[in-house]
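Asks: If you want the building blocks of each chain, they are given just below.
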Amino acid sequence: MFDDVASSALRVALDGLAARQKAIANNIANVQTPGFRAQKVEFERALQSALAGGTSLDQVRPSLATSLEPTRLDGNNVNLDEETLSNVDTGLRYQLALRALDSKYTQLHDVIKG
Amino acid sequence: MAIFGAIGIASTGATVYRTWLDAISDNIANINDATSTSGKAFQERYIIAQPASDGNGAQVGGALFGSAAGRIVYEPANPLADAKGYVRYPDIDLGTNMTELIMAQRGYQANLAVVDRARDAYQAAIQLGRNA
Amino acid sequence: MSIPAIGAIAPVTPVLSTTATNPASGANFANVLANGLDKLQQVQTNADNLAVQAAAGTLSDPAQYMVASTEASLATELTVAIRNKAVDAFNEIMRMQA
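Chains as they are written, first to last, in the numbering used here: chain Y, 1 to 114; chain S, 1001 to 1132; chain X, 2001 to 2098.
Note that these hints are calculated values from the structure, not bench results.
Every value quoted in this text rests on a predicted model; they were computed, and no experiment measured them.
Fair warning: there could be bad hints in the mix.
[Claimed, not checked] With a straight-line Cα cutoff of 25 Å, these simulated SDA-like cross-link-like pairs (lysine to any residue) come out: (1) K2085(X) <-> Y105(Y); (2) K2085(X) <-> T106(Y); (3) K40(Y) <-> S1053(S); (4) K2039(X) <-> D4(Y); (5) K113(Y) <-> N2091(X); (6) K113(Y) <-> L2037(X); (7) K2039(X) <-> V111(Y); (8) K1084(S) <-> S1053(S).
[As the list claims (entries may be wrong)] The following residues of chain X were derived to be distant from chain S, with all beta-carbon distances above 12 Å: (9) V2012; (10) A2030; (11) N2031; (12) Q2044; (13) I2082; (14) N2091; (15) E2092.
C-beta: ideal position from N, C-alpha, C; glycine also.
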């Protein structure tokens, strides 16, 4: 009942977006740390290829990658504007995924309760 | 990383304006750097803004530097003065740079206003059908 | 300037008898319900596809998904309501003494 493609994909997305929020918070906290490289969370490409290939979505996990943007003089390469706006974007995506799961579960409630 | 359209584009714009702000503040901070006539004066930095290569937003295409000749000023008391008493100063106009500072700040704020509006619009879309 | 005299009042033409109210309007509402039931599967599949796109980050317009998801909820609620009414009606009939 909970294993259809849409619910699994939404659960993977929620995990990935929560991981991304954490990475962004970490990057913003370290914006002045010398030598710190920004961390990015990647899960969308893995999810898309799993969907296209028809493989099980339970194996898709968010992955951390280090940003290769050029660094400033102190060795730090965190771009504050990009991190702040990416925070806004991730928050909106998270809300959308939650609403999507909520609406699916509400439909199941309706059908069961009659 | 895919970003909701308007927010991603505004993010590239904000980065360009911030880079411009950094360049202008560097110019203004070094406006009175004296060097000897045998060396180069501090060169004013200009940022080249161009459309982003993937078509979404803007990017910094590079930086250009102003003239290294600067202005020659007669200051025999300056320890860097040459035999004839001349010192080289950068050829940077404070008025122009202050105007550009205001333009860069306004541009940065305008991009952030775009993000605000886009975020409100997306949140209204997410609330669709909620009152059922 | 000469003012023209007031003419005689023209006779009133009889009003055409109104046609009876279109009886199909009752059937139109029935069509709405029937269509709602038929399209339930299609609407839910559409909403699911858009949900997968939203999860994978390829959805460019969140409003599109929200509209599809609201349509799917409404279609589900409609189907459940009709099922309940049908079951109630069946029970009523079964309760009738022979």
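Asks: Verify the proposed pairing of K1084(S) with S1053(S), using a straight-line Cα cut of 25 Å.
Replies: Given pair K1084(S), S1053(S) is violated - Cα atoms ~51 Å apart, limit 25 Å.
Asks: Confirm or reject: N2031(X) is not an interface residue toward chain S, with every Cβ-Cβ distance exceeding 12 Å.
Replies: The claim holds: N2031(X) sits with its nearest Cβ about 24 Å from chain S, beyond 12 Å.
Asks: Compute the least Cβ-Cβ separation between N2091(X) and chain S, then decide whether it is above 12 Å.
Replies: 28 Å, holds
Asks: Please verify that the nearest CB of chain S lies beyond 12 Å from E2092(X)'s CB.
Replies: 29 Å, holds
Asks: Does the claim that V2012(X) lies off the interface hold, with its Cβ farther than 12 Å from every Cβ of chain S?
Replies: 53 Å, holds
Asks: Quickly compare the C-alpha distance for K2039(X) and D4(Y) to 25 Å and report which way the hint goes.
Replies: 20 Å, holds
Asks: Since I2082(X) was said not to touch the interface, does its Cβ keep a gap of more than 12 Å from each Cβ of chain S?
Replies: 18 Å, holds
Asks: Confirm or reject: A2030(X) is not an interface residue toward chain S, with every Cβ-Cβ distance exceeding 12 Å.
Replies: 24 Å, holds
Asks: Between K40(Y) and S1053(S), does the CA-CA distance stay at or below 25 Å?
Replies: Given pair K40(Y), S1053(S) holds - Cα atoms ~21 Å apart, limit 25 Å.
Asks: Need the status of pair K113(Y), N2091(X): alpha-carbon distance at most 25 Å?
Replies: Roughly 18 Å separates the two Cα atoms, so the pair holds.
Asks: Are the Cα atoms of K2085(X) and Y105(Y) separated by 25 Å or less?
Replies: 23 Å, holds
Asks: Between K113(Y) and L2037(X), does the CA-CA distance stay at or below 25 Å?
Replies: 19 Å, holds
Violated hint: 8 only; the structure is consistent with all others.
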